[in-house]
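*Asks:* Sequence:
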Amino acid sequence: MAQVPQTFFDALAVRTWCGLALESLGRAREEIDAINVYPVADGDTGTNLYLTVESAVAAVEAVFTAYDVGRPTLADAARAMAHGALIGARGNSGTILAQLLRGMAQVLADGETAHTDGSGLRLALRRASDSARQAVAHPVEGTVLSVASAAADAAHGAAGEDCGAVARAAYEGARTALAATPGQLAVLERAGVVDAGGRGLL
Numbered sequence: 001m002a003q004v005p006q007t008f009f010d011a012l013a014v015r016t017w018c019g020l021a022l023e024s025l026g027r028a029r030e031e032i033d034a035i036n037v038y039p040v041a042d043g044d045t046g047t048n049l050y051l052t053v054e055s056a057v058a059a060v061e062a063v064f065t066a067y068d069v070g071r072p073t074l075a076d077a078a079r080a081m082a083h084g085a086l087i088g089a090r091g092n093s094g095t096i097l098a099q100l101l102r103g104m105a106q107v108l109a110d111g112e113t114a115h116t117d118g119s120g121l122r123l124a125l126r127r128a129s130d131s132a133r134q135a136v137a138h139p140v141e142g143t144v145l146s147v148a149s150a151a152a153d154a155a156h157g158a159a160g161e162d163c164g165a166v167a168r169a170a171y172e173g174a175r176t177a178l179a180a181t182p183g184q185l186a187v188l189e190r191a192g193v194v195d196a197g198g199r200g201l202l
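Just so you know, the sequence shown maps onto residues 1 to 202 in this note's numbering.
Don't read these hints as lab results, they were simulated from the structure.
All C-beta atoms, glycine included, are put in the ideal place defined by N, C-alpha and C.
Mixed in with the good hints, there may be bad ones.
Claimed, not checked - The calculated label-pair distances, taken between Cβ atoms and stated as ranges, are:
#1 F64 - E141: 34 to 40 angstroms
#2 Q184 - A34: 40 to 46 angstroms
#3 R27 - R168: 18 to 24 angstroms
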């Protein structure tokens, strides 16, 4: 069946993405915990990401519940997502994810311009990557930061204004970068695993 192009996104798209991300992390959290060897092999990256996204979901749902009629704006939902992740962030991985979502929200909640198409998603992914890198005192390649940067780079190279196409390009770029993480970080190569934070981002 042919896919209908997703040419724009709104508050409902943010809500849907948050819900799908939580479901996906719920399924993968044990696997992600098991491959968590960097920066500390404490086996909690999947759980920390899950709890962080759970807090973001709760914040977005609260915004939707507050509207008796109609629905919140994209800016409302994006700000709630970022704020929820920030106050619910757990561990290094959750903190970095919160910064990624904060960067995205800065673009999506920009009142000056409606960034609701593929160009907006490109900008949001780039701001997310930059925001996370700036929040880390000593960024290390071969981590979630590399995966997020690759997603932003791939999104930038995607043709057209279709959000779905931009998102798919970002995903493929991130997937390729994740597979390369053992070659960038010796501890991952020794353990025979990819970066847990990067795996969680996917």
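*Asks:* Each hint: holds or not?
*Replies:* Results for each hint:
As the Cβ distance of F64 to E141 is approximately 38 angstroms, the hint placing it in 34 to 40 angstroms holds. A C-beta distance of roughly 20 angstroms is found between Q184 and A34, which places it outside the suggested range of 40 to 46 angstroms. Our hint of 18 to 24 angstroms for R27 and R168 holds, since their Cβ atoms are close to 20 angstroms apart.
In this structure, the one hint that does not hold is number 2.
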